[in-house]
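Visitor: Chains as they are written, first to last, in our numbering: chain A, 1 to 406; chain B, 1 to 406; chain C, 1 to 382; chain D, 1 to 382.
To be clear, the hints were calculated from the coordinates, so they are not data collected in a lab.
Every value quoted in this text rests on a predicted model; they were computed, and no experiment measured them.
One or more hints might be untrue.
EDC-like cross-link-like pairs, simulated, lysine to aspartate or glutamate; straight-line CA separation at most 20 Å [unchecked claim]:
| # | chain 1 | residue 1 | chain 2 | residue 2 |
| --- | --- | --- | --- | --- |
| 1 | A | Lys404 | D | Glu270 |
| 2 | B | Lys24 | B | Asp80 |
| 3 | A | Lys404 | C | Glu270 |
| 4 | B | Lys404 | C | Glu270 |
| 5 | A | Lys54 | A | Asp43 |
| 6 | B | Lys216 | D | Asp43 |
| 7 | A | Lys54 | A | Glu15 |
| 8 | D | Lys274 | B | Asp142 |
| 9 | B | Lys209 | D | Glu349 |
| 10 | D | Lys274 | A | Glu397 |
| 11 | B | Lys190 | B | Glu239 |
| 12 | C | Lys274 | A | Glu397 |
| 13 | A | Lys216 | C | Glu35 |
| 14 | B | Lys204 | B | Glu172 |
Next come the chains, spelled out residue by residue.
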Amino acid sequence: MKKIESPELKEFRAEVNKWLTDNKPAKPSFPLPQSFTEVGNNDQFEYLKAWQNKVYEAGYLGMAWPVEYGGRGRPQELQDIVNQEMLNVRTPLMVNAVGLSWAGPTIMKHGTEEQKQKYIKPILTADEIWCQGFSEPGHGSDLGNVQTKAVRDPETGEYVLNGSKIWTTLAEQAEHMILLARTNPDASSKYAGLSFFLAPMHAKGVEAKPIYKISKEYGFCQTFFDDARIPAESLMGEEGHGWMIAMSVLTFERGVTGGQAGGNLFEITTVRDVHDTAVDCIRDGKPSLEDPVLRDELIDLYISERATRLSKHRGEHSALLVPERMHGLGLANKLVGSEGRQVLNAFAVKIQGNQAQLYMDDENAINGGLWQHGQLASFAGSIGGGTSEVQRNIIAERVLNLPKSR
Amino acid sequence: MKKIESPELKEFRAEVNKWLTDNKPAKPSFPLPQSFTEVGNNDQFEYLKAWQNKVYEAGYLGMAWPVEYGGRGRPQELQDIVNQEMLNVRTPLMVNAVGLSWAGPTIMKHGTEEQKQKYIKPILTADEIWCQGFSEPGHGSDLGNVQTKAVRDPETGEYVLNGSKIWTTLAEQAEHMILLARTNPDASSKYAGLSFFLAPMHAKGVEAKPIYKISKEYGFCQTFFDDARIPAESLMGEEGHGWMIAMSVLTFERGVTGGQAGGNLFEITTVRDVHDTAVDCIRDGKPSLEDPVLRDELIDLYISERATRLSKHRGEHSALLVPERMHGLGLANKLVGSEGRQVLNAFAVKIQGNQAQLYMDDENAINGGLWQHGQLASFAGSIGGGTSEVQRNIIAERVLNLPKSR
Amino acid sequence: MNISEAPLHIDCSEELGLLTEAATNYLRDKSTFEEMRKLAETDSGYDTTTWQELADMGWLGLAVPEEFGGSGLGIPELTKIFELMGRFLFSSPFLANTLATQAILQSNSDGHIQDWVADLCSGSKIATLALTEPNNDSWEPTAITCTATKNGDSYTLAGTKNFVLDGQNADTIIGSFMIDGKPALIMLDAATTSSLSQLPEQLVNHARRSTRINFDGVQVPASAILATGDEAVKVLQYVFSLTYILLSADMAGTANGGMELTLEYARVREQFGKHIGSYQAVSHPLVNAMLLIEDSLSLVYYAATVFDGTWGGESEIAGRMAKSRSAEASDLIGRRAIQSHGGMGFTWECHAHLFLKRAQWGQYAYGDPTHQRRHLAALIID
Amino acid sequence: MNISEAPLHIDCSEELGLLTEAATNYLRDKSTFEEMRKLAETDSGYDTTTWQELADMGWLGLAVPEEFGGSGLGIPELTKIFELMGRFLFSSPFLANTLATQAILQSNSDGHIQDWVADLCSGSKIATLALTEPNNDSWEPTAITCTATKNGDSYTLAGTKNFVLDGQNADTIIGSFMIDGKPALIMLDAATTSSLSQLPEQLVNHARRSTRINFDGVQVPASAILATGDEAVKVLQYVFSLTYILLSADMAGTANGGMELTLEYARVREQFGKHIGSYQAVSHPLVNAMLLIEDSLSLVYYAATVFDGTWGGESEIAGRMAKSRSAEASDLIGRRAIQSHGGMGFTWECHAHLFLKRAQWGQYAYGDPTHQRRHLAALIID
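Build out the structure end to end from the sequences listed, making use of the hints.
Guide: Following this line, the structure appears as C-alpha cells:
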C-alpha cells in the first residue's frame, strides 16, 4: 500500500490549490467565525453561504456522493485532497456543516430514496441549512434521557412535538433539523422509545431563541416545540429506531471520517500562526521568541501539531496501525483536536506578555484579540458534541477495551 | 492565635538542634534507606534501632504521651519542634515507624490499660518493632475484602489464624503486628465480620517472606499464617469492631497529624539537595543550572516545596483555613508528599544529562545513583498505604463533599 | 542556593479573624452575581454608595496609620480583604486606590500625604498609578521610557502609559517618568490636568476598568514630584511587591469562588444517572485544583506576613512565589469551572466564565508565572 | 518559521507489512519475559543462538545493500524491527551493531566495508560505536575531546568514551577522535587492541550493556582511520540522525508493550468490587498515554520515511521530534504501568518496571526531550 501520491493526484492537488487561491473571497470587513458553531450574525452567514455554493458549483463538494443526488460520483481521495487544500489555502469554512457532515451522511446511510432526492442537493448548495436537535436542557449529552415528545396523530399521521432542544447551532437559519424525540414513553427501555426525524424548522410551534456564549456572542440556540406538527414522512427509519440512527450520527460527529460530503468546518489556527503573532510580541522588554522557556513550549506545540496531523493521516489511510487498536486514531480526532486548540490559544495569549490583558474591541489588542477570544471559544470543542471526559470514556471502552466506566 | 514562637520555645528548639547535631550518628559505610519501608538489611536495621533508642533515652520521643506508659507527658508542640529539627539536622529516620505512628496511637486510643502498659514503652525504645497486616494479595487496599480468618478456639480462647498479608514492612524484624482478620464470615456485612488484633509475630505458624522491590532490594514481606495460634488477649476491642479501628489507623497513616509519638519516618530530600547536585552537572557541554528551561522547572519545584511546607504548617495550626474545607490540608499530606517526591526525583535525574543513564553500583553515577534509585523508590509513596487514586477519592468525598465515586 | 530558609510562619491575629468574618458577610451580601454583572455594564464599573460604605468601614485606609486617617491595620488584614473581594468577584477601584495610597505614604512626601491620604481614606477622592508602558511591555518597575523634562518652573511630560487601573475613575494619577535619566514619581491632579488624553481599555476581565494615557505635552508644576532617584525606585519596588501579594490574594480568592460554584453544581447535576461529582474525571481534577488553591493561600498569607516592601530578599521572593502559584490555581479552576458545567458552562448566563476572566487578567497583570519564575531563579539560584 | 511543511507521508510498503508479521511472531515467541529476565542476569546480556537466528533471517544487514551481504531493505523496515524489539523488551547488541554497520557503509571506505560489513551481517563479528564522552557530557556528534596524535606510522589515542553500547560484546569499536583539531572516525579491532581499558557500566536499564573505555596510550595504525574532517562529520550526523529514529522506535514499541501489560491487568483486576479499568482515574490516564504513543508512532514512521541522514533539514527535524515525543510516551506509560498495578507494580516480580527502565534509558541516551526541543527551536524558529 504505497502512499506516495501519484502524478495524477499531484496534478489534481495543484489544480484545486489554484482554484481555491483564485476564487477565495476577499476578507470581509467583519471578523469571520473560526468554527461553524460561532456564526454570530447574518453578514457572516450570507458570506459563508455564498462561498459554500461557489465551491459546490465548481465541483469541489460532495465529490464522492452519487451524481443522482447532486454529488459528483468521484473517488473519495479527491475530496480528501480538496479538504486538505482548503486548510492550506485557508479558505472560509463550510457553513452548512451539520448538513454536510452529519445529516447528509446519515440520510445517505439510513434515508429512503425519496429523502435522498429531496434533501441531499440543497445540503450541498447551502440552500437548505441543517441543525441538530439531540441535547436537551438538563441532560446534556445523555441522550438516553431525551424528553422531547413526538406523538403521532392517528388521523393525519402527523407527529406533534413538545419539548425543547439546546445547542442547536444555526437553528435560526436552518430549514431542517435532525431530531431525536420520544415516540413511546412506555417502551421496553429508554432507548427503544426514541425515534429519529428530519424535521422542518418552519413548522408552526417551532421557535429558536439564541443563546449568549461566554464570549458574549450568539452562536447557538435553544429550540422550543410547542404543539408543533410535522408531517409523517419526517420520520426516518421506523419508530423506535432513533437511538441506533443517533449513534451513527455521533460516529460522524466524533471525528471518524468516511461518508461526509467534505469541506472544512473550522478555520484551523496553527503553530505557525502563533509564531507569526509572536514575532512582534515583547515580553518584559525582550522579544518573546528569544525567551528560551517560551521557545521550548512553542516547539512542544509544534511537535504536537505535526504528530496530530500525521496521526490523522495514518488513521485515514490505515497505515501501520497498532493491531490491538485499529480504530483508535479516528475516535481520537475530536478529543485531540479540541484540547490541542485550547492549549494553542492559551499559549498564544501568554506570548503577548503585558498585552495579554487586552480583549477584542481594544484597538491595541494584538491580532485584534483573536487569541483571547479563541481561548474562550475553544471550550466549545471540549464541551460540545460530547465533553472530553465522555470522549475519553469512549476511547477507553472501544479502543482500549476497558470495562465500561459507570 | 499569634504564631510567633515564644522565647521559651525558641530556646527549646535551639537545645534540640544542638543535641541532634552533637549526637547524630556518623554516616555508615552502607547507604541508609530514605523511608522506613526501604530498610533492606540487618546493618541498616541495627543502626537505625540504636539511633531511635538514643533519641528516646534523651527524652525526644513520645514526648506528649503519658509518663506512666513511657512517654514524657509534655506538650505536643515540643514534639513538633523535635520533629522539625530532625528534618533540619537530617538525622536518620525512626525505624519503628509503624509502632510510633500507627500502632502506638491506636493502642493509646482503643487499647486497654493492660495493653498500654505492655506495648507502648517498647515501641518508643525500639525494643519491640511493629508491622502492619492489613492488605492481602489480590485485594490491595480494599480492606472490606480481607480474607485472613481468625477462628476462636472455644476451649483455650485462642484465635487460630489462616491466610496471608502482604506489604508487611519489617515483618522479619517485628515482634508484633496490627492485624485485621475475619472472625465472622456470616456477619451482616463484610465489614461487621472483621476484628482487630495485636498479634505476636513469633507464634508458631507465622512466617514472613521478603519481597523483592523494583529496585531489586528487599523492604517488605508477605506474611503467611498457617494455623497460627495467638492468645485471646491479642484481640483489641470487641469482635466485629475491626473495621472501625482499622479506619482509625488509616487516618494516622494518611498523614493526619495528632496522637503520634513523633520522629521522622522519612529522610526528606529537598529542592536544595537537587540544586546542590545540579551545581556539578553538565548537560550538553554547559552547566545544567545555566539552562533557562531547567531553571524554570527548578524554581517551580522550589515554589511547590515551600508551599507544601507552609500548607502543612497551616493545617497543623488551623491557621486561616478555608471555612468550607477545614480538614483538607491534613488529608492531603500523603498525596502531596508522595507525588512531590516523584516529581523531584525525576527532575534530579533529568539535570544529569547524559549521565542520567547510570544507576547505583556504577562508580561514575552522580550521587551514587541516589536519584535514579529515588525515582523507583518513590512509587512506594504513591501506591503504598492507599494509592494516589484512592487518596483523591477520599479528599473528593470528605473535603470537597462530592458524592462517593463508586 | 543563596537564600536561607525563612521560618515557617503565617500571621493570623485576632483582628484578622474578626475582620474576615465581617468582610465575608458584607461582601457575600453586597457582591452578588447579579449586582456584579450589572456593574460590569457600567462605564465606571463600581457603585459609589458601596464605595462610601467601604470608606465608612475603614477599608479604604485599612493599612494606613491612624494619624493619617487610616485604620492602622497591617498588610495581612489588607490581603485578606483582597482575597474575599476575589472570592465574591467584587469590582471597584479598591486595588488602584490602595496601591496609590501606599505609594504616597512610602514617598515620605509630607505635603502629598497631608493633601491626599485622608481624602483617599474617606472616599472623597480616588487615586491610581500609571506605571507600565506599551513601549516596552515591561513587567518590572524601573523599565520607564516616559519622560519629564524641566521647563522653567514646570515639567513637560512625554510618553504613554497603559493599564492605568480605574484611570477613568481617578481624581489623581501617580505616574513613573524619567527625569534626567533617573526614575521619578509624579502626581497629577486629574481635575487640573484637562489636557490628559485618556482612552478606556477593553480588558479580558470585562468587570475591571483601566485606561491608556498619552502624556505628551502635559505640563505639571515641580510640586507634582512625589519622589525621585533612589527614593522613587524604593517606592516603586514597594508598590510592585505589594501588588504581587494583593493580586495573588485576589486570584486565590477568585479560585475559591470558582471552586465553590463548581462544587455546588457537581454535587447536584446528574448525567447518565449519576451525580457528575461522583465521576473521577470530574472530581479528581477538582482535587488537584483544591491542592493548588491551598498552596496559593499558604504562599499568599506567608508573603503578607514577611512583607517589608524591599527588593532582593525574602519579601520579594515570597511575593513572586505567591503571584506565580495563585495565577496557576485560578487559571486551572477557572477552566475546570467552565468544563465541569458542560454546555451550561459555555453560556454567558452561567457564572463560571466570570471566574476564569478575573483569573486571566490577574495572571497577566504585573507578570505571569513564567516571568515570576525567571526573576525568582535569579534571586534564588545565582 | 524557516521550514516549509513537508508533505503528509508515511512509507508502508508491502515488504514492510510482511516483515512486521514475521518479526512480531518471531519476537513474541523468542523474547518472553522469562527469557529476557534470564539474559539480564548474564554478563553479555544476549543469547548467541538467537543472534545467529537474526543473522539467518537477514536482520543484521536489513538495511545493508545486497552487494555487501545485506538484505537490501530500507530504514522504514529497520525502524519497524526496532519498534517490535522494544515491544517485546528484546535485548541484544542489535542497536550497536546496526549503527556501527551503517557508519562503516557511510564512510565510503572500501577497505573497511570489504573487511567488515559482510561479517557484521552474517553475525560472525559484532561492532559498536564510541561517540560520547564523560568529559563534556555532550549529546551532540562533534563535541569531541578525545584525540588521536600521529606518531610515525601510527596514531596514539587519548581520552575516555562512555556509553559504548555492548562494548563488552564487540569485536570492533569505531570511535570519534580529534586529529589536528578535526573530527575523525577510527576503527579499532578489539582483538588486536589488548591494551584497551574497558569497564562495564551499570545502566538504569539493567538489561542493556555498555562500557566506559579509556583510550589513553592505545596505538592504532593509519589504516584504522575510517573518515576524517567533513566526511567524518557527515558520517557522525548520519549516525546520530539514525539513532534518534531507532531509539524512538524502540521507545514507542516499549510504550506499546507497557500499555498492553497494563491493559490486561486493568481488564481483570478488581478493587472495591469493580474492575480497576472501569475507574476513570485508571482509564483516562491510559487514554492519554495511548494518544501520546500513537503520536510517537506517527512521528517515528514519518521520520523513517523522510530520513536521508543529513543535518539541518527535515530529516534531522523529524528525527528529533520523534525522539522527543516517544521519550515522553514511554516514560508516561512506564510510570502508569507501575502505578496501575498497585502494590504488585512495585515488586520485582511484576514486569511493569522493565518497561519504565527501558524507557528511562532510551530517554537519556542521545538527548532527552528538553535537549531535542532546544535544537529544534534553533532549526525551526530562527
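Visitor: It remains to establish, for every hint, whether it holds in the given structure.
Guide: Quick rundown of the hints versus the structure:
For a cut-off of 20 Å, the pair hint linking Lys404(A) to Glu270(D) stands: about 14 Å separates their Cα positions. Taking the CA atoms of Lys24(B) and Asp80(B), the gap is near 18 Å; set against the 20 Å cutoff, the hint holds. Proposed proximity of Lys404(A) and Glu270(C) is supported: the alpha carbons are some 18 Å apart, at most 20 Å. Proximity of Lys404(B) to Glu270(C) is assessed by CA-CA distance (about 14 Å); at most 20 Å being required, the pair is judged to hold.
Simply put, Lys54(A) and Asp43(A) have alpha-carbon atoms about 17 Å apart, close enough for the 20 Å limit, and the pair holds. This hinted pair checks out: Lys216(B) and Asp43(D) have alpha carbons roughly 17 Å apart, not beyond 20 Å. A distance of roughly 16 Å separates the Cα atoms of Lys54(A) and Glu15(A); the hinted pair therefore holds under the 20 Å criterion. Restraint check for Lys274(D) and Asp142(B): satisfied, since their Cα atoms lie roughly 11 Å apart, inside the 20 Å limit.
Annotation: proposed proximity of Lys209(B) to Glu349(D) holds, straight-line Cα distance about 14 Å (limit 20 Å). Under the criterion of a C-alpha separation no larger than 20 Å, the hint pairing Lys274(D) with Glu397(A) is consistent with the structure, at around 15 Å. Only pairs whose Cα atoms come within 20 Å are accepted, and Lys190(B) paired with Glu239(B) is accepted, the gap being roughly 13 Å. Annotation: proposed proximity of Lys274(C) to Glu397(A) holds, straight-line Cα distance about 18 Å (limit 20 Å).
Straight-line distance between C-alpha atoms of Lys216(A) and Glu35(C) comes to about 18 Å, which keeps the hinted pair within the 20 Å bound. The straight-line distance between the Cα atoms of Lys204(B) and Glu172(B) is roughly 14 Å, inside the 20 Å bound, and the hint therefore holds.
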